[in-house]
Amino acid sequence: MRVGIVTATYLPSRNGVATSTALFARGLRERGHEVRIFAPRHPLMPPREDGVYRLNSSFAGARALGAPADYPVMLAPGPLLTSRLPLRGLDVLHTMHPFLAGQLALKWARLSGAPVVYTAHTQYDQYLHYAPMPKRVGRAVLRPHVSAFARRVDAVLAPGRAMVDMLREYGFQGPVDLMPNPVDLAAFRAATGAAFRETYHVAPDAPLVVSLGRLAPEKNLDVMLRAFDRARASRPDLRLLVVGDGPSRAALEQSAPEGVTFTGPVPYERVPEALAAADVFITASTSEVLPMSMIEALAAGAPLVAAQSPAALDLIQEGVNGTVRAATPEALAEGLLDTLMPGRLPALQAGARASAAQYDLTTRAAALEAVYEQVIHRKRR
Numbered sequence: 005m006r007v008g009i010v011t012a013t014y015l016p017s018r019n020g021v022a023t024s025t026a027l028f029a030r031g032l033r034e035r036g037h038e039v040r041i042f043a044p045r046h047p048l049m050p051p052r053e054d055g056v057y058r059l060n061s062s063f064a065g066a067r068a069l070g071a072p073a074d075y076p077v078m079l080a081p082g083p084l085l086t087s088r089l090p091l092r093g094l095d096v097l098h099t100m101h102p103f104l105a106g107q108l109a110l111k112w113a114r115l116s117g118a119p120v121v122y123t124a125h126t127q128y129d130q131y132l133h134y135a136p137m138p139k140r141v142g143r144a145v146l147r148p149h150v151s152a153f154a155r156r157v158d159a160v161l162a163p164g165r166a167m168v169d170m171l172r173e174y175g176f177q178g179p180v181d182l183m184p185n186p187v188d189l190a191a192f193r194a195a196t197g198a199a200f201r202e203t204y205h206v207a208p209d210a211p212l213v214v215s216l217g218r219l220a221p222e223k224n225l226d227v228m229l230r231a232f233d234r235a236r237a238s239r240p241d242l243r244l245l246v247v248g249d250g251p252s253r254a255a256l257e258q259s260a261p262e263g264v265t266f267t268g269p270v271p272y273e274r275v276p277e278a279l280a281a282a283d284v285f286i287t288a289s290t291s292e293v294l295p296m297s298m299i300e301a302l303a304a305g306a307p308l309v310a311a312q313s314p315a316a317l318d319l320i321q322e323g324v325n326g327t328v329r330a331a332t333p334e335a336l337a338e339g340l341l342d343t344l345m346p347g348r349l350p351a352l353q354a355g356a357r358a359s360a361a362q363y364d365l366t367t368r369a370a371a372l373e374a375v376y377e378q379v380i381h382r383k384r385r
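Just so we're on the same page, our numbering is the position in the sequence shown counted from 1, plus 4.
Derived from the structure by calculation, the hints contain no laboratory data.
No residue lacks a Cβ here, since even glycine has one placed at the ideal position from N, Cα and C.
Watch out, some of these pointers could steer you wrong.
DEER-style ranges, computed between Cβ atoms [claimed, not checked]: (1) G117 x P208: 37 to 43 Å; (2) G268 x K383: 45 to 51 Å; (3) R35 x S252: 36 to 42 Å.
Using the sequences provided together with the hints, build the complete structure.
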């Protein structure tokens with residue numbers, strides 16, 4: 005099978021869509037399929053990338069649209085560049101975006117008669133504060149566009165129930181299949197966190213909480229820090245490592261309570277050991293869909309303490325691999341203390357590892373392959 009993936013973000017950009025796209029491509033290739041990835045140029049991209057075809061991009065455009073600093077905005081390719089892309093002979097096209105990348109997927113599908121699959125990854129309403137327009141105007145433009153795009157493709161996927169609910173709210177009533185993000189379980193199961201703890205001066209026996217992700221307003225990080233501070237009043241030896249970077253970092257560092265260390269961004273190769281170092285993973289965000297970081301934490305054996313959200317309810321089995329609490333400092337602090345109880349923590353850590361098995365890369369790649377086969381068969385019929 006020849007698969008074309010058209011994505012607005014890809015490695016070395018650091019976000020869940022870029023990471024999951026790269027993992028799915030690897031899993032599909034391991035199953036014998038040819039995968040061609042069409043993605044924006046990035047200044048840190050390697051000089052040679054097998055199977056990756058770069059389109060022009062703009063960081064200035066990213067800033068104007070309020071996109072993260074590490075998220076160059078794809079530009080529409082001209083006729084000359086398009087003629088050089090290996091677009092013919094594709095059996096299926098897959099995109100994660102309803103905007104330019106999605107429009108290109110629809111346009112290019114007409115060259116080969118291939119079906120188009122769309123994975124809805126982003127709750128766009130949660131990010132309208134970045135857009136250079138009033139939120140009311142943004143919603144009025146955004147919602148009908150996403151819904152109309154979903155109606156034009158051959159299959160719609162969503163990593164979690166939060167995205168299904170969003171699509172329904174936007175007006176799309178067609179079928180949506182759940183397709184959770186994959187994780188390379190082997191890397192996380194083999195990881196140890198001793199070196200990571202040593203790097204940030206955390207004693208081997210100190211209770212350690214880890215947060216990992218983009219430091220931005222929609223992540224509710226102030227609530228997370230206040231929850232940690234409340235929990236630390238009962239457990240003075242408690243430590244928190246905040247792994248990641250983003251526009252909120254400077255303000256958060258100024259207001260952070262004692263016991264918190266901001267590591268900044270770490271190479272993805274060190275993410276398994278960062279999560280393996282944790283006794284517990286915490287998030288106060290209510291905007292997540294099915295975040296890679298939470299799945300990876302489970303794979304590393306770190307139970308989740310999460311604010312109530314559709315994503316948390318998708319991932320967490322109460323008392324088995326973590327706990328879901330109200331998005332308040334008081335409730336999350338109580339969840340942290342309950343999870344860290346010596347009599348409970350080992351069982352929760354084992355439950356975390358066991359619950360991650362369903363997200364293994366080989367399992368998810370096989371499921372995506374089956375979706376491709378179905379849409380190809382329908383298209384040909």
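So, going through the hints one by one against the coordinates:
1. Between G117 and P208 the CB atoms are about 59 Å apart, so this pair departs from the stated range of 37 to 43 Å.
2. In this structure, G268 and K383 meet the distance hint of 45 to 51 Å, their C-beta atoms being roughly 46 Å apart.
3. A beta carbon spacing of about 40 Å between R35 and S252 agrees with the range 36 to 42 Å that was offered as a hint.
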